[in-house]
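K.L.:
What follows is each chain in one-letter form.
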Amino acid sequence: MDENTIICRCEDLTLADIREIIKKGFLNPQEIKRLTRCGMGPCQGSTCRELLLREVASAAGKSVGELEMTTFRPPTKPIKAKSILMGVDNNEN
Amino acid sequence: MLKPEIAIVGGGPAGLSAALSAVRQGAEVMLLDRDPSLGGQLVKQTHMFFGSKKEYAAIRGIDIPGKLISALEDEGKGRFKPLLNTAVLGYYDDGVILADKEEEAMLIKPQKIVIATGAAEKMLPFPGNDLPGVYGAGAVQTLMNVYGIKPGNRVLMVGAGNIGLIVSYQLRQAGVEVAAIIEGASRIGGYLVHATKVRRAGIPILTSHTIKEAYGKQKVEGALICNLDENWCAIPGSDKDMKVDVICLAVGLTPQTELLWQAGCQQKYLPELGGYVPLRNEKMQTSLSSVYVAGDVACIEEAGSAMVEGKIAGLFAAADLGYDEKVEERFLAYSQELEELRAGPTGAKIREGLARLNGGV
Chain P
160 MDENTIICRC
170 EDLTLADIRE
180 IIKKGFLNPQ
190 EIKRLTRCGM
200 GPCQGSTCRE
210 LLLREVASAA
220 GKSVGELEMT
230 TFRPPTKPIK
240 AKSILMGVDN
250 NEN
Chain X
493 MLKPEIAIVG
503 GGPAGLSAAL
513 SAVRQGAEVM
523 LLDRDPSLGG
533 QLVKQTHMFF
543 GSKKEYAAIR
553 GIDIPGKLIS
563 ALEDEGKGRF
573 KPLLNTAVLG
583 YYDDGVILAD
593 KEEEAMLIKP
603 QKIVIATGAA
613 EKMLPFPGND
623 LPGVYGAGAV
633 QTLMNVYGIK
643 PGNRVLMVGA
653 GNIGLIVSYQ
663 LRQAGVEVAA
673 IIEGASRIGG
683 YLVHATKVRR
693 AGIPILTSHT
703 IKEAYGKQKV
713 EGALICNLDE
723 NWCAIPGSDK
733 DMKVDVICLA
743 VGLTPQTELL
753 WQAGCQQKYL
763 PELGGYVPLR
773 NEKMQTSLSS
783 VYVAGDVACI
793 EEAGSAMVEG
803 KIAGLFAAAD
813 LGYDEKVEER
823 FLAYSQELEE
833 LRAGPTGAKI
843 REGLARLNGG
853 V
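Chains as they are written, first to last, in the numbering used here: chain P, 160 to 252; chain X, 493 to 853.
Wrong hints could be hidden among the right ones.
Stated by the list, open to error - With beta-carbon atoms standing in for the labels, derived distance ranges:
{"no.": "1", "chain 1": "X", "residue 1": "Y683", "chain 2": "P", "residue 2": "P237", "range": "37 to 45 Å"}
{"no.": "2", "chain 1": "P", "residue 1": "K236", "chain 2": "X", "residue 2": "G640", "range": "33 to 41 Å"}
{"no.": "3", "chain 1": "X", "residue 1": "E669", "chain 2": "P", "residue 2": "G220", "range": "41 to 49 Å"}
{"no.": "4", "chain 1": "X", "residue 1": "T538", "chain 2": "P", "residue 2": "T230", "range": "36 to 44 Å"}
In short, the hints are calculated from the structure, not lab data.
Ideal Cβ positions, reconstructed from N, Cα and C, are used throughout, including at glycine.
Only chain X is shown next, with the shape it has when bound in the complex (with noise of 0.2 Å):
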């Protein structure tokens, strides 16, 4: 069995620096993805990052992984073990992990674990919503950005939150009509300035609206959607139906948590985090000593946010194996950063949500 110091589960933005925060501190760490290569969701985001300069702002998403892995390769020398292709399958009672790696399943028991599995995209109940062409908004992305396929001709993206946002503009930018953005609720989610970019790009985001069915007969032929008044209930005779071959759910991430389920992790449920997530105390610990957690998988926000809370769960999770150099001092200087991408308007759902988990440890 192998026994390393840290696992961390999970190459995504979270994962990588907790790997790479660790092996700062001296600790010898085994990294676990499922996919071919690291970078977790950064992969496919070929758009520039806002937030803090420190977190990689005005860098294109693509481009992060390959800094932090060299780092890793550099610092890490001799003690930084990626594994890919590489699912992490089962955690059981007595600490030990279940991975398949290419069809040879291993167990794995780690001194301490970093959970950083991310998140996984909400599906939408609708007639018709298991017709092919149905996707979900970041597969979408993942098809165009990563493997170079175009998803269809025309798209009708439900949910104008940051993600369908975006990835409307690069449907665009891959030649791909985008017929509508609609929207439940009477606001766009999203920042103002990727709403503009698409607003200008000449796609039509259209508030107070749903989808009611899809509709085909092998795959997706067509939408129909209609108004929503205040109460969210559809406006009679206002159905409008829009001829489409893909439609796209950009309705929301929930957290990946059943690793920390199977761990026994108290959890609770906060619809503004995501849905259920692991309770931890500043350390990124969770109910369970071993048992850290950073990134989408504790709370769904940014890549940025991520990126400081995998630094925040790698330091400790080294510094309680005794790797402590300057444990406070780099403690203090990760939360600060953590507080300013939190500050500000669009911070305030993340901070009260936190705040209520808190609240219960």
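Chain P extracted, bound-state conformation (with noise of 0.2 Å):
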């Protein structure tokens, strides 16, 4: 496949930039998403995660279920600051 196929919108990131940090030896998910970004744009990964999980899974000859799952924070999507601030008074106690 064409190697300028976007994985990830969010962070623009190619399938490119995935292959070659799996060719520096990453075939960790967790490890390539912090050092790329993979998954950390506002969809959260929801687009591009299975995408990486395959391409991983693929060069490390193991099946997707094989490989460590990235880790999952709150929130699971944008939330302005704005949210945050008027939620304080109904949060007390």
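Now that you have both chains on their own, put them together as the hints suggest.
P.N.:
Written out as structure tokens, the structure reads:
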């Protein structure tokens, strides 16, 4: 497949970018995420996570289920600072 | 902090059924949904449903939420609290969830929680897949059937599963030309009844075909498709150029399990169920005893089985709080219903996936 294919739209990462980091020896999706920001944009990986996992799996000769999954942290999607400020009074106790 | 007995995340078919089942037991339910109205993906399902009579077969999807909501308002008077425009964004170690309701954050600590967050559409990697005009098929269905917006004039549909077939037909009903439906596999994945309807409407279905690239300057102007051999490799010289302004991806759904990961529920990767799915027992309870699941987040299936799973999850979320009237009798009825829905050849993949999932509990 054409290596200019976009894998992570939010962070503008191509297949070539992912393959390059794999070539350096990184075969852990969580490490690749931290190094490239793949999956750390506004959609929080909902578009690219599976594509990344499949690419790593095929390079590592493993199935997707055998890879270490990336970490999921709140919030699952972008939230405005205003929301948090407005919510302060609601959440005492 | 709000402290409902049961919080349900997601007001689609599974979440609504879970809510109704729990209020019928006598529990107090808070139902959170990010959208301005309840119903989840049912709000755009203008076609009639198959499946079980009890789960609204032969009724249009769009007509189901209203029935469930009026039952909830009636039977759950004072105990049913829907929170709309409310996105749940986090699950913390102490069982507190973070929600954002119209730009006001709130923390909620329910005694039991049912996660019914549904699924997201899968993406396909190909050059040009980031061009405007490349959509998920579900997104196109929302644009057309909820907002009345025509997505374009000529569509290439990628994927001949039920979603690809149904959305193609609905595009046609909306006056949009569907150039072709292409499918990588050598056979159509969706029900024959949908496929024949699409074929009768003059839309070609090309099996063993895939998309090679989308092209266009500012937006999609066309796509190159090609033939695949039995090993899913492109056959040289088989390229065809399709002039289309919309490319719809109907290449499968994946469970939206973010909250389950945050909660630390154990999961297993089973492609036949859509990807990572939570381990759960027959009560639809996850490895975390206060967290239940129902619907597509638990396994990609249909609205009918999502509703029955919702009934089971809601029943036990309530029963585990002490609202256990007739729980065994009701559980038996719901599990039989689920078994019937999964019987037959179309349920084989689900049955095998669930057996593998349970083998790992």
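K.L.:
Does each hint fit the structure? Answer for all of them.
P.N.:
Structure-based check of all given hints:
For the pair X:Y683 and P:P237, the supplied restraint of 37 to 45 Å holds, since their beta-carbon distance comes to about 38 Å. For the pair P:K236 and X:G640, the supplied restraint of 33 to 41 Å is violated, since their beta-carbon distance comes to about 26 Å. Checked against the given bound of 41 to 49 Å, the beta carbons of X:E669 and P:G220, roughly 44 Å apart, stay inside it. Taken as a hint, the range 36 to 44 Å holds for the pair X:T538 and P:T230, whose Cβ atoms sit roughly 40 Å apart.
Checked against the numbered hints given earlier, this structure breaks only hint 2.
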